[in-house]
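Model the full structure from these sequences, guided by the hints.
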Amino acid sequence: MKQQHLQLDNNKRLRHFLTTEGLKRDLLVEILDTAESFTSITHQQVKKVPLLRGKTVVNLFFEASTRTRTTFELAAKRLSADVLNINVPASATNKGETLLDTLRNLEAMHCDMFVVRHQNSGAAHFIAQHCAPHVSVLNAGDGSHAHPTQAMIDMFTIRRHKQEFHTLSVAIVGDILHSRVARSQIHALSTLGVPDIRVIAPRTLIPAEASSLGVHVYHDLDQGLDGVDVIIMLRLQRERMSSALLPSEHEYFKLYGLTKEKLALAKPDVIVMHPGPINRGVEMDSSVADGEHSVILQQVSHGISIRMAVMSMTMQHDLHSGQDT
Amino acid sequence: MALESPDKLIAAMAEQLQQRIDNQQINNPAIVGIHTGGVWIASDLHKRLAIEDPLGTLDISFYRDDFSRIGMSPEVKPSKLPFRIDDRHIILVDDVLYTGRTVRAALNELFDYGRPASVTLATLIVRSGREIPISADVVGAELELGKNQQIKLKGPGDLSLEIVDVAPA
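Sequence order for the protein chains is A and R. All the letters of the first sequence, read from the start, carry residue numbers 1 to 325 under the numbering used here. All the letters of the second sequence, read from the start, carry residue numbers 326 to 494 under the numbering used here.
Be a bit skeptical, because a hint or two may be false.
[What the hints assert, rightly or not] Only pairs whose alpha carbons sit at most 35 Å apart, straight line, appear in this in silico DSBU-like list of lysine-lysine:
1) Lys12/A - Lys402/R
2) Lys405/R - Lys48/A
3) Lys24/A - Lys405/R
4) Lys479/R - Lys162/A
5) Lys333/R - Lys24/A
6) Lys162/A - Lys47/A
7) Lys479/R - Lys48/A
8) Lys477/R - Lys12/A
Rather than coming from a laboratory, the hints here were simulated on the basis of the structure.
Structure follows, in structure tokens:
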């Protein structure tokens with residue numbers, strides 16, 4: 001409830017985008033519809049609209065990222081905003097102070113939007129709570145908590161292929177425990193009305209609270225994939241191997257890797273998604289990643305439209321009313 | 326005030342446009358309507374003039390000059406220009422020409438798709454209250470309206486015009 005309050009302005013418009021949790025269905029659909037409209041810009045010779053002219057967007061990345069940062073930057077540029085990329089190396093000092101100091105400095109430079117990625121869960125919320133009233137904060141991934149724009153990209157990709165959400169079976173496979181993407185996806189899928197959300201992973205990679213999120217938990221890939229419309233593979237973070245949560249990459253692939261044979265258990269028109277980057281031969285076979293059911297590269301293109309939608313929607317908070325033709 | 330039916334006005338517009346196309350020897354024009362009312366009229370003109378290329382549509386929401394004041398329309402639709410704009414004669418169609426800001430935004434968007442040979446502006450109603458120097462080339466009807474009056478085109482089935490009073494700003 002508190003998160004929803006923080007994310008919306010007085011007119012119930014999106015003010016910050018921190019998590020998909022607690023946002024109403026209408027708002028998620030509005031994000032998808034707005035993104036759909038932005039797709040026509042790729043047909044223009046000049047791939048830009050003047051919507052955010054004069055606004056300054058800061059990509060504030062405390063954790064490395066290529067794809068997410070690049071598509072946020074492209075989205076901002078296609079909206080005619082000015083973009084500043086700041087990569088802050090992880091600091092051992094008190095995180096609260098460091099963040100607030102950085103924030104105050106950037107506000108003093110009259111920036112309008114912060115796109116924040118941070119290794120600690122809750123960092124984007126913290127910034128949203130403390131930033132100046134005119135500033136919007138977009139969460140580009142915080143710890144293992146949320147990655148809402150990635151989740152909306154995946155919803156957009158699903159809607160383009162499947163139209164209706166309320167008839168779907170969606171399987172999320174892999175490291176659910178540490179995945180901010182999975183958490184945001186589960187909230188979005190459930191708000192959009194997907195009746196059958198499955199998570200498939202070894203016991204060590206499923207969070208204890210999983211079943212309270214309204215998902216069906218499977219530890220066996222064959223059972224979990226039976227008759228699904230959508231398969232979302234998550235990246236296996238290799239550092240998990242050292243923490244003894246998993247035996248070996250080879251063993252993992254044998255049990256949970258997506259191959260053509262496993263894919264045949266799903267519906268014939270199943271789509272396969274992955275937020276990237278893919279560990280080929282660990283989460284999935286190359287023949288699947290590059291195969292006819294894969295929509296992985298479409299997810300990347302949709303990333304720009306979704307981020308344009310969220311950026312323009314958050315920049316219209318607390319506007320005065322009045323209209324002319 | 327008695328208003329002509331949009332049907333009759335559109336028929337007259339089609340005639341004017343045909344004359345203009347003949348007089349200026351315009352070869353192979355294309356039609357682009359501005360969402361939402363402009364598209365209804367453009368679609369009718371497109372049939373009457375037997376234009377070869379499919380109808381183009383523009384949603385100018387992303388090009389408006391009042392985004393920072395009123396934000397985006399919640400019903401924004403993708404623009405569709407299913408032909409190349411470069412060196413083409415474009416007939417741009419809207420329902421009402423009032424302040425001129427919508428047409429300015431539409432021209433800006435159009436030129437982001439390419440460089441047309443010419444743009445002809447056709448509007449069903451031209452009303453008083455221009456705020457920027459834009460005028461229509463082909464007009465269905467002209468009206469004097471007060472600041473607190475609005476004229477609206479209703480559709481998309483049988484088109485009709487309605488004048489409504491709005492609260493003073």
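Each hint tested on the structure:
With a C-alpha separation of about 22 Å, the suggested pairing of Lys12/A with Lys402/R holds against the 35 Å cut-off. Straight-line distance between C-alpha atoms of Lys405/R and Lys48/A comes to about 15 Å, which keeps the hinted pair within the 35 Å bound. Between Lys24/A and Lys405/R the alpha-carbon distance is near 30 Å, which keeps this suggested pair within the 35 Å criterion. Proximity of Lys479/R to Lys162/A is assessed by CA-CA distance (about 33 Å); at most 35 Å being required, the pair is judged to hold.
At most 35 Å may separate the alpha-carbon atoms for a hinted pair to count; Lys333/R and Lys24/A exceed this at roughly 46 Å. About 28 Å separates the Cα atoms of Lys162/A and Lys47/A, which keeps this hinted pair within 35 Å; it holds. Between Lys479/R and Lys48/A the alpha-carbon distance is near 32 Å, which keeps this suggested pair within the 35 Å criterion. Under the criterion of a C-alpha separation no larger than 35 Å, the hint pairing Lys477/R with Lys12/A is consistent with the structure, at around 28 Å.
Of the numbered hints given earlier, the model fails hint 5 alone.
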